[in-house]
Amino acid sequence: MTDGRPDGGSQGHLTRADLFRRAAAGGVVLAGSGVLGESAMAGIDAIDAATPKRGGTFRIGVSGGSTKDFIDGQNIVTVPDQARIVTGWETLLVFDSKFKLAFNGLAESIEHNKQGNVWTIRVRSGIEFHNGKTLSADDVIYSLKRLINPKLGLFGGAALKSIDPNRIKKLDKRTVRLTLKQPDGTLLDALGQYIAGIVPVGYSPDAVGKANPNIGTGPYKLKSFTPGQQSVHVRNPNYWRSGQPYFDQVVIIDFPDDTARVNALLGGQVDAITDVPPAQVAVVNGHGGTKVLESPSAAWRPICMRVDAAPFDDVRVRQAFRLIANRPQMVQQALAGHGKIGNDLYGIFDEAFASDLPQRKQDIDKAKSLLKAAGKDGLTVDLQTTSGALGMNEGAQVFAQQAKAAGVTVNVKILDSGAFYGDQYLKWPLSTDFWGSRNYLSQVAAGSLPTSPYNETHWPDAKDQNFLSLYNQALRTVDRVKQREILHEMQKLEYDNGGYIIWGFTTLLDGYSTKVKGLKTGDKGVLSLNAFGHGYRTIWFG
Amino acid sequence: MTKLRRGITGFILRRVVLGLLTLFFVSLIVFAATQALPSDPARAILGRTATPDSLKALREQLDLNHSVVYQYTHWLGSFVTGDLGHSLAARGEPVTAVLGSRFKNSAFLVLIAAVISVPLSIFLGVIAARRRDGPLDHALSLSLLGLAALPEFVVGISLVLLFATRVFHWLPAVSLIPPGDAPWQHLKEIVLPTVTLVLAVSPYIARIMRASMVEVLESDYVEMARLKGLPEREVLWRHAVPNAVAPAIQVIALNLAYLAGGIIVVEFVFAYPGIGSALVDAVNNRDLPIVQALAVLIAGVYVFFNVLADIATILVSPRLRTSLR
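Chains as they are written, first to last, in this note's numbering: chain A, 1 to 542; chain B, 1 to 325.
Simulated from the structure, these hints should not be mistaken for lab results.
Misleading hints may appear alongside valid ones.
Claimed, not checked - Quick list of in silico lysine-lysine cross-link-like pairs, DSBU-like style, CA-CA up to 35 Å: (1) B/Lys56 <-> A/Lys413; (2) B/Lys188 <-> A/Lys223; (3) A/Lys170 <-> B/Lys56; (4) B/Lys56 <-> A/Lys53; (5) A/Lys145 <-> A/Lys482; (6) A/Lys223 <-> B/Lys228.
Stated by the list, open to error - Restraint-style ranges between C-beta atoms, simulated for each label pair: (7) A/Val315 <-> B/Arg59: 33 to 39 Å; (8) B/Ala97 <-> A/Gly126: 37 to 43 Å; (9) A/Asp496 <-> B/Ala97: 54 to 60 Å; (10) B/Trp184 <-> A/Pro328: 50 to 56 Å; (11) B/Ala148 <-> A/Pro237: 55 to 61 Å; (12) B/Gln35 <-> A/Gln333: 52 to 58 Å; (13) B/Gly100 <-> A/Asp138: 38 to 44 Å; (14) B/Ala148 <-> A/Asp496: 57 to 63 Å; (15) A/Lys515 <-> B/Ser141: 46 to 52 Å; (16) B/Arg59 <-> A/Pro165: 47 to 53 Å.
Said to hold, decoys possible - A few chain A residues that face chain B, going by a derived Cβ cut-off under 8 Å, partial list only: (17) Ile253; (18) Asn263; (19) Leu266; (20) Pro453.
Each residue gets a CB set at the ideal place from its N, CA and C atoms; glycine is no exception.
So here's chain B without its partners, still in its complex pose (with noise of 0.2 Å):
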């Protein structure tokens, strides 16, 4: 058992140093993408508006005069030591400031969304399998299939008209929540961002969870747990599905860090105040400590799902699990 932890702990070590050579190596490409857009911070934010007079004092006011590599190891240095930096854009407000209430109310948006989607598209999956090839399958495929192939700014808008706007007005058309509200004051302003990212990625997950089902449950040992006698709900909940949530995880772990990125198109339907939004639009005022914050947490969420990911996996099999020693 102890070798068995110190194999795990050296592993998830390696993964966590490459995990943190992967971001270094993520906010560089940022940094140098945003370096070769055209324009500079003080055209972008004054666009139509900058006359030379306005674009010389906001070049002044927001320190833009320096070199290139003077900005990125100005950025790294502050960054590793817990400082975000300015955002240009806000006229030197803190990032943290800036991001702080949109990275809770976006960080609520996945938790919520995954919380959902996971059990329930695992749920799916397991259903479709034990059915195999029965109308119950056939029709989760079909729609499962049709909703994977719908972005999800369709599935969004679709909902609004649906529930919001022509049809029904049960629930709220955009999600408003004041600056300074936590998300979970506003429940009902949150269920058709929540619904659009759970239809987006539990189609994915589900047809995975179901493929590895279908393979578990021709196996050998559920066969063997079937002939022994065993309830079938047993047979299926306590044998089969361990073994087919395995190489399902990397495809949940895939798309939950993918919830991380795909809040930014539906935080844009629905005027969701969160850090999808906030890099759209930083992006747009080549607001770089926004940009690279924001590149950093994202890829960060990326990485950290992954590393999990490759944890889990190798917890929930033994064959990996002994490889380790």
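Just chain A, with the same shape it has in the complex (with noise of 0.2 Å):
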């Protein structure tokens, strides 16, 4: 129930690393005109070895959904509300199927300075909203101070906090210059996430989520839209991308229910299903007509230790807790199989990822010589849990029956959504959570700094600043190779003294009838279906 995984958050890639590639080149010209995204795409036609056709209405069955459904081109709560932003918004730049920045949104290139604190974003020409007028500098500006307003908290706007919003200036009609508040290697990253949508001049005036007209340059235009219900979005004849999209209509509609969801999809009232349930897995490839597809995610189900409230603020019971973890059970269990098993370090499609620390496997032996040595043996804990996302509660209990080899009492208390994200939420001792795809460097801005709007684990200790400095340093290095050097200097400092038990990474489950062509397996997923078939532009009935 309620939000699924629109962590939404983000993702993020390469950013750092074609940066600073390039800016130690000396001059910086990141871009190029969106190519590699569509080299994707050819990948996908030649698949499927068919010209895409034109027509019909797409009907697709979400996860999640509520009268708390919105829609904004800079915000979600909801998976739902996930599915329709990718209808009608685009942003600056995305990610492609190899989770790596590409120059294919709406920027025609992102220029930066050697010091990677002034940035120059040149949108393409000739892109249109759905009302006709051309989008602009002045667009980008306004799209951006909406971002970053904090009386609208919009959820994009936590990791584009180095945006100074009185230092944007418009050099042209088509020219933005940013100076940022201090050099910041996530830009990228952040405007590469979908939430980072650009919006006309005026968007959404008084009311987060009633904009009138709700409008974007996106391929689909909304034409209706009733929260906890549905949604109807008609091909926008205008759109950039020459002859996409290919569908006449494309209708969302939310399935709070799985086997309501799953139904939908066997009996052919919709035409693809997101987050088909891993125990259903069978049943939908087995039906006929129906497939699952399967897309490796970066996204995590960490169970969190506070590294400051007792008995977690003892690194050796920290260590005894990761050493009861046995990850390819959990893994096995709580996910079905569908998933990677995990070393308690995150970003995982990051090319800075420390793949070279070995895989932590369950010592139940040292485990409890080190709970024995901090004085805690026999140890009882609460673990608060809640079904935020699918696997938190399932690996929480798993973990629980783990945890009674080594003499500790895991009492697994499972929460109703809004008392786990209530005002305890960011202090439990002990809990799980559930995060999205990122980078390294972006997700320890987001959940792994004192500044982190999610930090469960109040990691860095505050006594110990190095991790701190290791941060900031990294933000600073221009060299690539000395910059990774940085980051795994990072994450062994978290591999080792961490507040995380990250098991295992999940991968998207999605269904789909065979008359859907188009999607590609494998795909490196943040969102699902293909980031929604990139915003039901690269799919087709066949």
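Work from the hints to combine the two standalone chains into their complex.
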């Protein structure tokens, strides 16, 4: 129930890498004209060996959803919000199917100076909003200012804190210059998040989600919307990518109940669904005419230990708990095997991911002796959890079973999401949570710094400034090899002393009717169904 | 006759006043219960996406910074003047706008289920009593007991497997009624939820009807009617059934009232856009105005059917009728 996985959060990639590689070369033009994503497209065409066909109404059943649904080009709360935002809104640059940033969005180029604190954004010419107005620098300025306006509290704003609203300058009608508060190597990641959409000047003046008209530059225009039920989107005839999109109409329907959603697909009432429960994968694949699309993701399900609260303020207790986890068993039981085991490190799609650190395995004897050394043998703790995302409760329960072997009693407390994410959220000594796919530095900014909006573990220890100074150093470091060394050092610190037990990464499991063409297995997924067919424009009815 | 009417009018009046009092207490208890739930609407609505900024923005937008007493009295004051207030989760949409079409959908579903299940179960009860201890009676008893023991969602899911997804593909698996459409424009979509509800309530009514009918069939006046040489059909439907229905009325009323609440599960199984799913959603969001409106509505249905049952029982039972004089 509730928010499914709209950690919506972000994602992130290449930024830092690309950014500083080119910075090192001197000048810096990050761009070209959107080729990466297009080549991925060509791949799809080759696989299906068919040219896309126009027409039809595509109906998709989406998990979660509620009367709290809204449509805002720069904000989401529920999974249906995610499914809807991509119909009408586009970002300056996008993450491609390999989780790399591609200049395949509204920006023609984004350049920056050597220090990484002055950025110049140039948008493509001739792109129109749904009302016919041409996209200009003013819209970009308005969009960025709206994203970081604390009064609106937009979800995407948190990752763009380095932008100084008073130092955004229009250079010409397609060019904007940002002077940041400090160098920020994660800026491109943040601009590539699907929630950093570009909206027209004056968008949503009084209330979140109540913009009138509710328009963007995307492939479909909003026709009707009933929160908690469904929305209808019609083809944008002036869309800038030639030929796309293919459907005449897209209908997005809320299905909070897993069984009803799967039944709607099996019964042919919808053409695709998000989030097939692992137990139903065989049913969907065996039904004939329907299939499950599997997309590996860098989304993770941690058990979070607060490094500044007893008993986890003793690093030996944290280490013991990490050794209690039998990760293959957790992935097998909590995710029905549809996932990848974790090594207490996030950012698995990041090229700086510390894959050389040895895979942590269950070691009950060592866990026991660590607990004994800490004077905590026979420990009893509460583990707070909620069904916020698949695997949270299940993982907690499997872990509690495993803990018995080490003489630790873990009382799993399953709360409803309102209670879990209530006032105690981010204060529980031991809890579960869920996170989406992000690159390493973006994830650190979101969850592992004193300034992070969602720091469950309260890492890093206030007495130890080492991690923090490494982070700041990393943001400023231009040399890629050196930066990678710093990131490795940071990951080593978290691997040895951190507060997360990261036992697994999930695989996105979505269902579709085989008459839908253009979907690609193995896409490194951030959003379901290849980011909803990249805004329902790279899929069609065969 | 005038005396009788006054007696009944007074009785009804007393019942209605008591009913309103009940509703008041229900609203008070529900309000207290929602206050006892941890968390507040802003946190519940934003869930995992909450940041200090977004929480602050939403709290201001939803005007949540008032005392508990103020919130309740404010709600009550508006409610008695017919203003149901504004949904929190839907960012200030009027409650009537959020619930309007959903109420229509649920009411239609309950109505159809009632219109089918009441006569059907009375008929089944009568037949079973008439063939008491025969094979038909045993078969009916067994299957009714079995159905009564099954939760609605099991029945619903089994029907879906049988008629929509696995065995046959005759009916839609879920009830997608597009916003703006009336439920009677989508009768095919309503078949399975209706059948589920009918199967949920009929066993109880049929069984009480059978028991009551068995008793009546053994009574002196039925024997008298038979001895008079009346055809069996007339004995059964004109003399026995009206008397047997009286004890069943309370059970029928309770089951009809149950329908109003029982659709919550059924609506969930079929993704039916009614008040049941709206209630689940509203509780998750701590959307107080919606929770209050629906709690009072559902409690109102209970009260209404109970009062109705009391009145009907009196009207069909001469003994009670005279005692009111």
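Q.
Which constraints among the numbered hints does this structure fail? Numbers only, ascending.
A. 4, 6, 12, 16
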